[in-house]
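S.K.: The task is simple: from the sequences and hints, build the whole structure.
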Amino acid sequence: MRTVKKVMAYIFMPLLFLALDVSVSYILFQPLIEDVKGYANLLLLDDVPDFAQNNDEIEKDRLIEEFRDSRNKYVAEDDNNTENNVEDETIEAEEKQIYIPLSLIEWPNYGDPYAWIKCERLGIDSVLYYGDGYELLRKGVGQYIGSYIPGYGRPLMISAHNTKQFEPLQYIEIGDVIEITTGYGDFKYQVDDIQILLATDINAYDMQKEEEQLIMYTCYPFERLSTRHKYRYFVYCSKISGPILEQ
Amino acid sequence: MKKVKNEKTIKIISFILAIVVSVGFTILSYVFCIYLSLFQANSIKNSLYETDYYTHAYEQFCEDVTDILIPIGISSDELDNIAHEADMKTEINKYVEDFYNGTDTDKVRDAVKDALEKYYKKEGIEEDRHTASLTKELQKYISESYTENVRNKWFKYLKRAKNSLRNNILTTYLPITVLTVISITALFLVQKWRHRAYRYLIYASTVAVILTAAGPIALYKSQLYKRLSIQPKYFYDFAMYHIESAIKNMFVVSLMWVFAIFIFAILIKYKKKKLHNLNII
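Protein chains in written order, with my numbering: chain G, 1 to 247; chain X, 1 to 281.
No wet-lab data here; the hints were simulated from the structure.
Since we're looking at a predicted model, the values are computed, not measured.
Misleading hints may appear alongside valid ones.
To be verified - As a list, the in silico DMTMM-like pairs of lysine to aspartate or glutamate whose alpha-carbon atoms are at most 25 Å apart:
| # | chain 1 | residue 1 | chain 2 | residue 2 |
| --- | --- | --- | --- | --- |
| 1 | X | K107 | X | E85 |
| 2 | X | K156 | X | E50 |
| 3 | X | K156 | X | D237 |
| 4 | G | K164 | G | E179 |
| 5 | X | K233 | G | D112 |
| 6 | G | K139 | X | E78 |
| 7 | X | K221 | G | D50 |
| 8 | X | K159 | G | D35 |
| 9 | X | K140 | G | E135 |
| 10 | X | K153 | G | E34 |
| 11 | G | K230 | X | D67 |
| 12 | X | K162 | G | E34 |
| 13 | X | K153 | G | D35 |
| 14 | G | K37 | X | E244 |
| 15 | G | K230 | X | D128 |
| 16 | X | K153 | X | D106 |
| 17 | G | K230 | X | D64 |
| 18 | G | K230 | X | E127 |
| 19 | X | K113 | X | D67 |
| 20 | G | K96 | G | E179 |
| 21 | X | K140 | X | E126 |
| 22 | X | K226 | G | D46 |
| 23 | G | K139 | X | E63 |
| 24 | X | K113 | X | E63 |
| 25 | X | K156 | G | D50 |
M.R.: In structure tokens:
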């Protein structure tokens, strides 16, 4: 009898109180709980946010080396395509058209330094970031993420500040060649048009165009000490060599 | 028979009153912890200090100034020291304390003007209408950037939550407090012996301990709060530190209830002994 009383007093009663307290509190504060749940759904991500910074001090040579190593992987895996029997690394892309299945390509994430852009004549030599936010344009050339990666067969739009990486763009001429090196291939584009358009001109580019086109743009005019860059300097280039990503 | 019925009635009434007290204790614990830990200016400032928030906000401002200057072709070195971390810290603290709407940008604007005048002189640039207009625009952009880094938008949301909680304190929590006090009083009045009332208070306090500790334990284990979509990283770090401090405070409050249980248990023993000595029980 005493044991029963003790069990009642020390275990059953506290548990009963706990159950009733939780039930009453839940009923009383359900609207507030639902509100908090609603806010939590809006604010909570699927996972802990990743604030990992891209390595600002990527060395150019190391990056190109990485690109070349990863490019060999894509070419070696493409066994089914007899046209792509690349036996020798030194075979130029112009001689043999390389096809790479798109499924083998890892689409870059925002902020990834996924390629290298170069124009020897003008001295443009910079990392190409996927994304064109302020923090990326501070470091290199940025790509508009609404455009496509090299080889996709659609326009690729990149930009940089006219006081930094794209300052030499003011000296570009029709016929100049721009090289873009990626992890899956080397691409070359030739300048075939230069236009100065309003920054708000929606006809400056067409992302739906089914043709691979490199569009480089920067603020215009190329003058320092100006905050009024109403215009953009657009350079349009057509692809002359590089792999094709097969969809 | 009548005596048994009376005793049963007293037990039921006591039970109900004790439930009310336990709900009151639990809610008041949560409100007390959340309001004092999350929304009080001093606790916020402490978390800002511990996570080096002021330094990071200042660094972010410096980066933003660089972003403003790059398209203009001026090196950020020319506009070094236009703001000081100590001044920014003062402004952030003022904002946190009373969320007032102004941020003092006069010093920053003056510093920008002085730095640009030195730059023009150094570069041999003649000061004219164009440079005057450029100075004015840079003063505007840079002071706006300064204000944005002082008045992080997430503090605004914190303020809204604080105001919402404060409004609820008057409409909901104050009546709960009054009800809890009345229930405790009624509990003592209804019982023949005081020590029985303390027993019910122990039950109510036990529930308060369990629930005040269970919430934080569950949150800490699930780490749900780490998935909050908060930017930039330095504000995220501050938020995580601040939330974890609040969780620790809830443990402290649950320990206070343990202490209260201990006191009630001693009082029960004391009262029972007294009654035993008087040969009443």
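S.K.: Now, for every hint given, state plainly whether the structure supports it.
M.R.: Right, here's what the structure says about each hint:
no.: 1; hint: X:K107 x X:E85; in the structure: holds, 12 Å
no.: 2; hint: X:K156 x X:E50; in the structure: holds, 21 Å
no.: 3; hint: X:K156 x X:D237; in the structure: holds, 17 Å
no.: 4; hint: G:K164 x G:E179; in the structure: holds, 18 Å
no.: 5; hint: X:K233 x G:D112; in the structure: holds, 18 Å
no.: 6; hint: G:K139 x X:E78; in the structure: holds, 19 Å
no.: 7; hint: X:K221 x G:D50; in the structure: holds, 20 Å
no.: 8; hint: X:K159 x G:D35; in the structure: holds, 17 Å
no.: 9; hint: X:K140 x G:E135; in the structure: holds, 21 Å
no.: 10; hint: X:K153 x G:E34; in the structure: holds, 24 Å
no.: 11; hint: G:K230 x X:D67; in the structure: holds, 18 Å
no.: 12; hint: X:K162 x G:E34; in the structure: holds, 18 Å
no.: 13; hint: X:K153 x G:D35; in the structure: holds, 20 Å
no.: 14; hint: G:K37 x X:E244; in the structure: holds, 19 Å
no.: 15; hint: G:K230 x X:D128; in the structure: holds, 22 Å
no.: 16; hint: X:K153 x X:D106; in the structure: holds, 22 Å
no.: 17; hint: G:K230 x X:D64; in the structure: holds, 21 Å
no.: 18; hint: G:K230 x X:E127; in the structure: holds, 23 Å
no.: 19; hint: X:K113 x X:D67; in the structure: holds, 18 Å
no.: 20; hint: G:K96 x G:E179; in the structure: holds, 18 Å
no.: 21; hint: X:K140 x X:E126; in the structure: holds, 22 Å
no.: 22; hint: X:K226 x G:D46; in the structure: holds, 10 Å
no.: 23; hint: G:K139 x X:E63; in the structure: holds, 12 Å
no.: 24; hint: X:K113 x X:E63; in the structure: holds, 19 Å
no.: 25; hint: X:K156 x G:D50; in the structure: holds, 24 Å
Going down the numbered hints, you'll see the structure goes against none, and every one checks out.
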